[in-house]
Structure formats: structure tokens, C-alpha cells
Amino acid sequence: MTQEIDCRGLACPAPVLQVREILEKGSPASLIIVVDNEAAWENVTRFLEYHNFQITTERQGSDFRVTGTRNGEESIPVQESKPVAEGQHKKILIMVGTNRMGHGDDGLGSKLLINFLKTLKEMGPDLWLLVFINSGVTLAAEDSEGLPILQGLACEGVKILVCGTCLTHFNLLDKKQVGETTNMLDIVTAMQLADSVITV
Amino acid sequence: MTNETIRLTQTVKGAGCAAKLPPGDLDRALCGLNLPVDENLIVGLDRADDAGVYRISNDLALVQTIDFFPPMVDDPYWFGQIAAANALSDVYAMGGTPKTAMNVVAFPAKSMDISVLRSVIEGGLAVMREAGVVLVGGHTVEDPELKYGLSVTGFIHPDRILTKKNLHHGDRLILTKPLGTGIITTAIKAGLAGAAIMETVTRSMATLNRDSAMVMRDYPVHACTDITGFGFLGHLAEMVVDSGHGVRIQAASVPVWSEALAWAAMGLIPAGAYSNRNFRGALVEFGPGVEQRCQDVLFDPQTSGGLLISVEAEAADDLLKALITAGMADAAMVGEVLLEPKGRIIVK
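Going down the list, the protein sequences come from chains A and B. Numbering-wise (the numbering used here), the first sequence opens with residue -2 and increments by one. Numbering-wise (the numbering used here), the second sequence opens with residue 142 and increments by one.
Treat each hint with caution, since some may be false.
Covered stretches of chain A (chain B as the covering partner; in silico rule of three or more C-beta atoms under 8 Å from a C-beta of chain B) [to be verified]: (1) 4 to 16; (2) 113 to 120; (3) 149 to 155.
Pairs of lysine-lysine, DSS-like flavour, derived with a Cα cap of 25 Å [to be verified]: (4) B:K489 with A:K172; (5) B:K306 with B:K154; (6) B:K462 with A:K172.
Read the hints as simulated data drawn from the structure, not as lab findings. All residues carry an ideal CB built from backbone N, CA and C; glycine is no exception.
Could you put the whole structure together from the sequences, leaning on the hints where they help?
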């Protein structure tokens, strides 16, 4: 049976959070959400589309009845909400000094690195900072396959530093799309503050 | 940031400048009102700008403005700082120097400990001290939701007023702070924001526009406004409509918190962004390459956003460098002023 939730009378972001909670608990093939304002309707639509649902909307008087049906099997898993307080977790710093992982086959190496970045979120709140240097900075620039993954991590609160000298060297200063441009002093200070440093 | 037991954003419905009355509604309320006339009122309601300006003598005028809103962050002290920086911003955007301020407070005394109010005001005072502004008084009312802000008075030379509408053909547009605070504070309210981004954005919102304003005094700046509740495109629309010019914006050059883009795609967008789009969307033409989430951020209501500066093309690079040197690390050249199409914003 399709689950139906009534989000009338709720202001943003409450309707999105209710839908999020349902997707966190299970993975329904379809669900119906009723909202009573345009902002909530657009937000719920965007949230479901982001999680790979197909949307149809029916107007019922001043209400919007949104039906979401899952597209195929795959969907982006919904992360459990994380505590936001500082100080309870380890601080892991990851230095990414390359756009590929390991030696041998370059094509394989770049696939492995993308997969590595995708899997990093499994570290949970211990993952503190990502530093990109040398050819690693290409991952933070326009058209990089890694960009949406890094934006997702940034969105979960992971800090991202991108080496300014390296961006300049690769002529990517205008093309950087995620993280803060940084210098060697910041990188060294961050290494000192980190509980552990992992180099790729 | 301190770990407060109370989460202020959970106690209110709207957050920050996202709680502003939709722009169309305000126009309907004010349209056609019979306003008192005074020849010394240089900038008043009839040509709405960031602040009002009243001439006292040939070389001195008063700049006056007020801003207050419900909390957009959980910590009372930071909320006080942000509200104060936001209220002072209008004076800086006009090219003035703020001098005195009065607290404007609504406080839920029945449900909130009075120490919260003390922290809020302490935060406000810290920013006033930084700005060289003295607190001369205030007014507090009992209200179900906490709200705080300032009524600010500053000085300006009547010939050096920077309004929104004086765009010149060929001018370059510079924005001094990244966009996305409305979306990010929505994520904070939702409990989804990590500590790092929360701290970065909170610091940005609590940063005065004073240094940017001081830097731009030495350059041929024609017009300026600060980006707040109506969003980047909403405030830009005001500049464009009043000046009779058009503008072209390079979406990829506009400084944006990347987290805001990610959360926009997930639908964590404050209702104010949609009101801004519905009110000004007709003036804006988006190129095919401008993603939906980027459009959302461009309409996102900002709390204590940066200055949007229209400067002569030849001086634009130097001004940008000077702003970055003065600490506005994310400042960027975002577009230029065109003769045609008049009254339109083209976003590529």
C-alpha cells in the first residue's frame, strides 16, 4: 500500500524532513505527500527527484497532492542525521595528491579514486578535512566526476581545502567548484590539528 | 562556538531575512500612500533604497535604517552579532558611517530564560563596538517568538550618497560575500548542517560590510546595495529597474557556498526564495547552462549578505584585488552593465 503523509500546515523545511524520515526508515516504492503551499510543494518535489523518484502532482483546491514513484532499484541512500556538536569525534585529514589511486593502469586508477571518494562518507563524523594538492585539485574543478561527491561531503560538514598554487599551475583557479582555496601554511597547520593524516 | 542547550532556530517559524514579508505584498501595502513631503529628505520611501537619507546642512546628512528578525542560528550570542551586522549593513551600502543604534527586541519572556536575551544583546554590542557605534537605547516587547535587530543612525556627505540606481553602461559588478545563507540556515534549522559549514557561514553573516565599504570609497563606484532578504537577483532587479540599464551575470563566477547548491538540489529552500523568484523572475532570463539549483541560490534570501558594487570597468580589477586584500577572500566579479536589453537580467 502507498503510504500517505499529510504535511498541511507545516512550514519549510518540516515537510522535507518528514519525507526524509520515511526514506530513512524504509525504502517505499511509492508515497503520497499532501502539502498546502507552493514552497513546500517545490521542496518536496526536489527532494524526491534527488532521491530518484518520479513525481506527479494533483491540485486539490489549495492543496498539492504529490505522488512519488521510485525509478528502478537504485537510489541515493539517505544519511542518518549527524550530531553537530564539535569535539566528540576523531579528526581525520585526508591528503589527496593525485587524480588516481595506485600504480599500474591509469584508467583503473582514476576509477578507483572516484570510488574511494564515494566511500569516504562511511567514515562518518570522524572525517574532518580533505586537502587536494597537485593533480588532486582537478577533482574539485568543473566537469570533474568527483565534484558532485565532494559537494555532497561538503554538505555533510566535511571541510575541503584546495591548493591555490596547484589550481594556478593547472589554470583552474576560475574552475574550482567546491572547497576553500588554501596555502601551505593552512595545510601544515591543519596537519598539526588532525588526529590522523591519511595520504592517497 | 559554544554548545547551548537551547536551539533558537527551533523556537521560531521563519529564519533570518528569510522571514521578511514577500516583496510583492510590501509593494501593495505601500503603493499610493500619501507621504509627508520635505525638501531635505534626499532618499525616502518613494525611491526605496537601503536606508533613508535626510540633509541637515550642505555637507552633512543623516542615514537611517532599521532591521530585525527571528534567529537563523541556534547560539544567542552569534544571533546577536549577525542581527547587528545585518542592520548596520544598510548604512555601509549607502556609503555612510554608522554612529548610534537602538535595540529592537521581541522576547518570549514566558518560555525563554532572560539570560538568552542578555547573550543576544552582548553579541549585538560586540559588533557595535567593532563598528564604532554607540547604543543609545532600545525597546523590548513580549512576543511568542524571539526577534532582535537595530535601528541605526549614521552620517554621510550629501554629495557622496551611493544609491542602487546609478548603474553606468560598461560598469562591472562585484559581489563581496558568497550566496546561500538562506538555504544553509534552513539546513541548520533542519539539523542537517555539520559544525564546519555552520561556523563558516555564521562567521560570514557576522562579518561587517564596513571594510568593503571603506575600500570602495577610493574607487569610481557608481551604485551599491547590500544583498539581504530579496536575494541576489531580487536586489539586482531593484538596481536594474531603477537605472534603466540591463545586466549580464556569469553564473559560474558568482561566489556561492557549495553546500548551498547541494542542499538546494535536495529541496532545503526557504519559502522566501520562491517569493523572490515569483516577484522578480519575469525580469530574469537564464541561459540553458544555468542549473536549477544555481537559479535557486541566486534567489535565496540572504542574512547579512555582502555588498553588490557597480564600478567603472577600468577600475574593477583593482577594486576586486583591494577587497580581497582587505579580507573579503570570496569577493568576485560577477557581471557587467549593458545598455540593452533595458530592465533585464541575463544569467549565463
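Run the structure past the numbered hints and jot down the numbers of the failing ones, going up.
Numbers 2 and 5 - these are the hints that the structure violates, sorted from lowest upward.
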